[in-house]
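J.: Here is what each chain is made of, one letter per residue.
Protein chains: 2
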Amino acid sequence: MTGTARQMTRYEELAEDIAQSIHAGVLRLGDRLPSVRQASAGRGVSQSTVFQAYYLLEARGLIRARERSGYYVATGSRQLAPEAETPSAPAEVSGPIDVSELVFKVLESTMRRDVVPFGSAFPSPLLFPLQRLAKTMAATVQKLDPWSSVDDLTPGNASLRRQIALRYLADGLTVQADEIVVTNGALEALNLCLMAVTRPGDAVVIESPTFYAALQALERCGLSAIEVPTHPREGIDLGALEQALQRHRPKACWLMTNFQNPLGSLMPDAKKQALVELLARYEVPLIEDDVYGELYFGTRRPTPAKAFDKAGLVMHCASFSKCLAPGYRVGWAAPGRFARDVARLKLTTTLAGSAPAQAAIAAYLEKGGYDRHLRQLRHALMLRQDAVAQAVARHFPPGTRATRPAGGYFLWIELPEGTDTLALHQLALSHGISIAPGPIFSARPGFRNCMRLNYGHEWDKRAETALATLGRLAGAVAGARP
Amino acid sequence: MTGTARQMTRYEELAEDIAQSIHAGVLRLGDRLPSVRQASAGRGVSQSTVFQAYYLLEARGLIRARERSGYYVATGSRQLAPEAETPSAPAEVSGPIDVSELVFKVLESTMRRDVVPFGSAFPSPLLFPLQRLAKTMAATVQKLDPWSSVDDLTPGNASLRRQIALRYLADGLTVQADEIVVTNGALEALNLCLMAVTRPGDAVVIESPTFYAALQALERCGLSAIEVPTHPREGIDLGALEQALQRHRPKACWLMTNFQNPLGSLMPDAKKQALVELLARYEVPLIEDDVYGELYFGTRRPTPAKAFDKAGLVMHCASFSKCLAPGYRVGWAAPGRFARDVARLKLTTTLAGSAPAQAAIAAYLEKGGYDRHLRQLRHALMLRQDAVAQAVARHFPPGTRATRPAGGYFLWIELPEGTDTLALHQLALSHGISIAPGPIFSARPGFRNCMRLNYGHEWDKRAETALATLGRLAGAVAGARP
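Chains A and B are the protein sequences, given in the same order. When we follow my numbering, the leftmost residue of the first sequence carries the number 138, and every step to the right adds one. When we follow my numbering, the leftmost residue of the second sequence carries the number 138, and every step to the right adds one.
Calculated directly from the structure, the hints in this document are not laboratory data. Accuracy of the hints is not assured; some may be wrong.
Just so you know, same-sequence chains aren't split out, so a pair can sit in one copy or run between any two.
As the list claims (entries may be wrong) - Calculated cross-link-like contacts (lysine to aspartate or glutamate; reagent style EDC-like; alpha-carbon spacing at most 20 Å):
no.: 1; residue 1: K242; residue 2: D288
no.: 2; residue 1: K272; residue 2: D282
no.: 3; residue 1: K242; residue 2: D315
no.: 4; residue 1: K242; residue 2: D478
no.: 5; residue 1: K272; residue 2: E195
no.: 6; residue 1: K408; residue 2: D308
no.: 7; residue 1: K408; residue 2: E379
If we strip away everything but chain A, and leave its shape as in the complex, we get:
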């Protein structure tokens, strides 16, 4: 990775400001936006800048024009539970990890079709252009060069890597195709990056709470977890991180910069830059899990921390599993100075990605239409967040707090102190509903009153009823607390 992130233009900045006001609930559904003339005067920008900003917001589905009466908020914040906004306060060192048994139990429950999947890690597969993708694959596989089984060996299909590099470029990052290693989903990318920079016994910084797959990877590799306080809106605490770097000399830092799983936190650009500079001072590689970056509700894709990397220390990992092709298992790493090590680890563990899947996604990206699909996907997720967040406010017990993520498909819900979400998980499951209880997101026994709620599935009668039931059960469990 060389070069720097693209600057936002003035109209994008304005649009972003307004989008954030909508998400924070300052501007609400149906509110009228200032007229173009008012906004131009008030913000000190040209009328054409305001026009462009409104146009962008309209294209994103955030506002809507009514003939002869201006622009109105078309979505946004509503009757919501109070925002979860207290940073976590993990114990300093977590020691050995043993979270797997619980995680597997939860995972299994979300694989059953008869269970309402609020605990699932995946969005609904119905959100994706699977028919179009299948057509592309059908055409591609029949033209596949027999030698692709050799040519597409790791680092992977050349045109797919070129398409990925082009998308980086469109987002203002310069990542060369030959830095990219195609992997079996982002999960393999993350695991390979971790293996490339650590040895058993090393310490690794993670967020608190964190994606359970990070805990499982650390557990499997014999690494110890340094859990660092993380803010539900803005991500990891850099002061606490620096202390951890000084005290524990970790060999890597594994973070989700954009719409963190489970919190939904989004690190502001300036904070990402400070993060990258801080880690560079300590020569600590950053494993950046950016699988949700495309699922933003604002006006532009949030910048990966990799955009600020000058030392080649940022290993950016992403995939098509959450935004285009679930089940195809095509992801990648752009591992900076560790690219060769990561490619070799892939060669010796799983050899290569599936050639037909790589070729199909490359062809789909070449054909165009991906961005249009992404716009629809983001809009659908945004609407579902609205609906689910309001339902949580209606049905969950008093004292419940929830995050208001500006992207992704998870809410992080804090139930009243002392509520046991492991008990709620069991109880809900007996009612055919899954949740992801807080303790699976931490190496120590923590977040016991928290849960992650997936809003990326169909919001239909069944889901509404299930959420009302879940709220009632949460109330019962909260009422039963000691």
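Mind docking chain B on chain A? Use the hints.
T.: Coordinates of chain B only, in the frame set by chain A:
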């Protein structure tokens, strides 16, 4: 795994005997077989048994009937280099491994289309029914249930696992579908099995020479290699293995029972059974790499060691990469009592196999035609072995020995003592020819005068010329030895 291996019928035994005589060069191309009456009398079997045996051999392309004059050998042994038949004699403990750099260099050279791929690990992709498979995939992917991305998560696509279980059954093994874990090729299966039963610092038994991926896996996992003498025809030395079990208390044994890479050795059934019983006495799991088992030149698929497993200790690993669908990356493990551990390791490292590839192969197997393809594939490989083995005898320097494997697509060639195949590798590469030099198959610096030769590619003018050149270069390097 429960149950026992299918017994060979009398006519299969007879056919197998004759097939072995052909391969060993006792019966040669054009030789007339005994008449049915003679064979019946000589062997003490019924005439119908002889008929069935001859019919089977004819179906396999090993013999041919001429009208009114009986059966003749249609293929088989010819002017060959003396057989390589000295077991290896590795140093007892190998200590830490560092073979990777060399392996990667060799691997890279075999990925270049302008290089004649005698060093390649793969057979020619032109040997496979890729068009038919592509058609099946095209039809399958367009009917794929959107929820397959969830349903086909590890342990994998249910109908694929059922088809694999049916193939086990046809070979006389009872492996339930729910023991099977679909993986990203056999390489992932092997790696997951190794991880499931070892911890860093443990010792693992391997063959000498061994498939370099085993060395890389041990290196990556911080394991030490116990290399055990291995016979070019019959595989690992059980006496030496028992000594190693007593002395080093290894935590696993990683072997290729059928057409070992690089030797091509095939363990006889009785030896496999003794191996399984020996390991069971020491409670050591067997990781059985059986990726070449389908590529037999005899009359029936050689039995996996897993057929003799009563303790659930045999972890059988195989794939479709070498017999049906290179590049699709679909393999599996049947890991006995470790099935759950292997599935969980897969879930936390690569999550799942590619859903379209799994579904396509399942549909192909359901449709039938796989066995017909396999017969053609085996016959093609057998003919190529004939051709390449004869060319080696013609062009390689005096004192060269070669194995005569009864399956697979590798010859193991011993050049005159003192010949440096690393130098030959460099020299050959400068002539656009790759080989796999002996030292990449051992943790210690060994097998320096040996090389593995891939005969699974097109035997055309280019290949013939390249093999003549290689023989000449080998002579030059042999002549230059100290």
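J.: If a hint holds in the structure, say so; if it doesn't, say that too.
T.: Consistency of the hints with the structure:
For a Cα distance limit of 20 Å, the shortest separation of K242 from D288 across copies, 16 Å, qualifies, whereas the shortest one inside one copy, 39 Å, does not. For the homomeric pair K272 and D282, the shortest alpha-carbon distances inside one copy (18 Å) and between copies (14 Å) are both at most 20 Å. With identical chains, the CA atoms of K242 and D315 are at most 20 Å apart between copies only, with a shortest distance of 18 Å across copies and 39 Å within one. In this assembly of identical chains, K242 and D478 lie within 20 Å of each other by CA distance solely across copies; the values are 14 Å between and 34 Å within a copy.
Neither within a single protomer nor between protomers do K272 and E195 lie at most 20 Å apart by alpha-carbon distance, with minima of 31 Å and 43 Å respectively. Taking the shortest Cα distances, K408 and D308 sit within 20 Å of each other inside one copy (18 Å), while across copies they are farther apart (61 Å). Taking the shortest Cα distances, K408 and E379 sit within 20 Å of each other inside one copy (13 Å), while across copies they are farther apart (60 Å).
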